[in-house]
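Asks: Here the protein sequences come in this chain order: A and B.
So the first sequence is numbered by the numbering used here: it starts at 1 and just counts up by one.
So the second sequence is numbered by the numbering used here: it starts at 102 and just counts up by one.
Source of the hints: derived by calculation from the structure; they are not laboratory data.
Do not rely on the hints blindly, as some may be mistaken.
Rough simulated footprint, nothing fancy, chain B against chain A, three-plus residues with beta-carbon under 8 Å [to be verified]:
| # | segment |
| --- | --- |
| 1 | 6–18 |
| 2 | 51–60 |
| 3 | 84–96 |
A virtual CB, placed ideally from N, CA and C, is assigned to each residue, including glycine.
Next come the chains, spelled out residue by residue.
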Amino acid sequence: MNDFDMLAITLIILAGVITYSLRFGGLLVGNMLSKHKFIENLIKALPGTLLLSFIVPSIVSEGVSGAISALAAGLIAKKTNNVLIALVAGMAIIILFRNFL
Amino acid sequence: MKSNFIKGFSATIPVALSVCAYGLVLGVLAYSKGVTFIELLLMDVITFAGSAQLLMVELWKDPLPFTEMLFAVFAINLRYLLIGASLTPLFKGSSLFEKAALMHLVADENWAVTMARLKKEKINPYFLFGGGICLVICWLISTLAGHTFGFIISDPYSAGLDFVIIIIFTALVASFYDGKDSVLPWVVAAIFAYLSFVFIPGKWYIVIGGITGALIYSIQKHFRGVESE
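So here's chain A without its partners, still in its complex pose:
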């Protein structure tokens, strides 16, 4: 096993430990969390803002086609509540732009 593999396995195990601690920890601290409205709101907003931060640079780098594709996917997902349909539509736009335009 080389260094990269060792590091990769360590990383996967640590990611698992972190995730499990959050799952189990949430159950243990239970209602204590909901007493702190500020923290509860912070945790509630985090998945959305985090994923948004993840996608923004890639969309900007892709340019106009990235923006159109993301906008279409976002709107479809919001309207239909179906990630799969949104994925197909968004990908169709990207593939079209990259191969034919």
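Using the hints, position chain B against chain A.
Replies: Okay, now just chain B, sitting in the frame of chain A:
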């Protein structure tokens, strides 16, 4: 106990099917990023969290951005604290051992199915666990199948493979949109993310944008709350 397990398992099958589609995509991406079969298998079993795994796969390169990756996993999975907290009524009367053993397989999907059922009838934690087993089976089959057949896509760029995650996350982001309360936090998150992406090396833009946006949300809620009192 047994019947609760089976009830939970079967109630989760419909959402597990859509999880399969997600898993297939993750598997193909993992293959294209050079994540090995064993590494993906370990991730599936040890982490067992879709969006965190997608993030890890997306950030996967040599050298591994170790700290950024763990921070991102922590931040994206922070919601499990709330999910865990919301399960307190279900686990009332369970031993500590039971809690520790059954909590690992909690994902967004079986949690949602369990919470919906808990409103209608009396169920125990094995309902949740049955759903978790159903999900982990689908998750393993679909991700590993995607990885095995990933070689079929010979030109990942033309196939837009690098953009699949972006589209999936865009769709997920849209589902988190909660009216005009989201506007300001999201604009701030986007600006901070982009500036960090340009000026700060590494993958810190995810965590920086995410935390600033969420802080704005909390602060905004805090002041609205004070006003209305």
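Asks: Now look at each hint and say whether the structure bears it out.
Replies: Going through the hints against the structure:
1. 6–18: holds (count 10)
2. 51–60: Holds: 10 residues of the segment 51–60 of chain A have a Cβ under 8 Å from chain B.
3. 84–96: With 7 residues in contact (Cβ-Cβ under 8 Å with chain B), the coverage given for the segment 84–96 of chain A holds.
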